[in-house]
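**Student:** Each chain is listed here by its residues.
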Amino acid sequence: MKKIELTREDILHLAKLSSLKLTDQEVEKYCNQLGETVEFVKNLKELKTDVVIPTSQITNLTDVFFTDGETNKRVLTKEKATENAKYKKEKYFVVKRIM
Amino acid sequence: MNLHGKSLLELRQLLTDKKISEKELNLYFLKRIKKYNPKLNAFITVLENNHSGIPYGAKDIFCTKGIRTTAAAKVLDNFIPPYESTVTRKLQEAGMAALGKTNMDAWAHGASTETSDYGVTKNPWDNGRYPGGSSGGSAAAISAYLVSAAIGTDTGGSIRHPSAWCGVIGLKPTYGRVSRYGVIAMGSSWDCPGPMTLTVEDNAYLLKQIAGQDKYDATSSGSAVPDYSNEIKKNKKFKIGIAESYFDGIDDQIKNQVYKAIKVLKKLGHSVKPIKLLPPKYSISVYTILQRAEVSSNLSRYDGVRYGNDRSFFGQEAKRRIMLGTYTLSYGYYDAYYKNAQKVRTIIIENFKSVFKDVDLIVGPNTPVTALKIGEFDKYPFYGELMDQLNEPASTAGIPDLSIPVGLDSHNLPIGFKIMGNYFDEANILNLAYQFEKETDFFGVIKKGIERYKD
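Same order as they appear, the protein sequences are chains A and B. In this text, residue positions in the first sequence follow the working numbering: the first is 195, and each later residue adds one. In this text, residue positions in the second sequence follow the working numbering: the first is 9, and each later residue adds one.
Treat the hints with care, as some may be off.
Here are the simulated DSS-like cross-link-like pairs (lysine-lysine), alpha carbons at most 30 Å apart as the crow flies [unchecked claim]:
1) B:K456 / B:K263
2) A:K242 / B:K73
3) B:K223 / A:K236
4) B:K82 / A:K282
5) B:K455 / A:K267
6) A:K236 / B:K347
7) B:K365 / A:K239
8) B:K351 / B:K281
9) A:K285 / B:K82
10) B:K327 / A:K215
11) A:K282 / B:K462
12) B:K39 / B:K361
13) A:K239 / A:K223
14) B:K223 / B:K31
Among chain B residues calculated to face chain A with C-beta under 10 Å, some are [what the hints assert, rightly or not]:
15) S29
16) K31
17) Y44
18) T182
19) S237
20) N238
21) Y290
22) S338
23) Y431
Because the hints were derived from the structure by calculation, they are not lab data. Here a beta-carbon is modelled for each residue, glycine too, at the ideal position from N, C-alpha and C.
Using the sequences provided together with the hints, build the complete structure.
**Tutor:** Listed below in structure tokens is the structure:
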């Protein structure tokens, strides 16, 4: 089997998608480590999966809803929801400028 | 009164009989934590002013209202949850109170507690070794009797693995048996909270308290919760399966103890037969792909805006997992990795289902080796997956699996034994473990562990 190699560019692209800042050393390390892992999981190709239906959840529960009229006690007040934020104005989260 | 080594239910009885007060009980364990935790580092947070309720240890992945919850990650160093997880709330309702939040691998990523941003937990049996993980703090805390019981979470072995390495009893229930609401998410289609205890009765009791449907976790099951404490005492004989593929590459001393335990089961009148299970290596791959994908999605919420610190606070292991998950989910690779792994997950589920038509329970070794020395983590490029290779199949299928101690190796380190059951068949798993406990007292392992840590 051909060894899969992740390039520096691949790693930097993944870091961008994941919103992670990596040092040069980390980039190099992940090139190797991710490549090794990807190599290992190739063993799944030994099994025939053409006609198998994928499993995305194992409980087989469907259409799980709240019963009508039930109250959702999870709701947090604005004060509670914002109490852990480092930057807030009144009861709002402060974020960086987007535009 | 001498409380040393008493089980959770024994302590509860003493409270009911008013032979001790809740305050005395909490002060007793606080004193022990003060004495031994600096050495073991089993707790990240100790609630020193908590003097009421029956004390237990809660893995620091359960949101506890008003009590800092970190998931052992500096990203959440300052996070004070504004709400309570269902599991810890249910335990409160049963008269229990978390005396501390136990250490773990950061975000529950790992099988050593080495990746904790708050330092590694030491194995109570040999302080130079790992307790296993990720619920290593919970396992170490009960093994050294810093609390009589603890709650952990298991995604790919995180309850069973440290239970094996620390010589205690740890149950990963069926996926959906126990609510995940308020548990900091790792792999959402895998995560299972479960009890870790010193006796099977305690385990059955705690499972009963925390199990059941929760309207705040849509994946929790409505299947009826049996009275496990009664179920374990029924006289039952089981058909037990053993898969040869679970013995490949396992340390000889572990194999020997496992065979010895199987002999005990035969002597108790259970029938044992060989079964065919897929080699664990496929579960490792399925787990690696799907769990990393779920991690990359679950950890994407940490931006430092609403709570916690920003993404520059992630440790190495979390970054590695996020990157791999992002890779396998990305355009061009999704079918080859993610979707294919989901298909193999189906194959593994079908494999277990067909085996359970033939047998009631499956037993075998829990870990390939006993506790490794601190620092050896780096020697194994695939450390976590290798250590959990025998645990990941049950996680992949979502079936329940229990780890119990069945002896010590030549280094005096505990050896774990697993009992897997069909979906929602925790009662029979615990029943067999209870029979084994009555017959062998786990060969004295649990008691020996506690005795090392005197009052």
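**Student:** Would you pick out the hints that fail for this structure and give their numbers low to high?
**Tutor:** As far as the earlier hints go, 2, 3, 5, 11, 12, 14, 15, 16, 17, 19 and 20 are violated by this structure, in ascending order.
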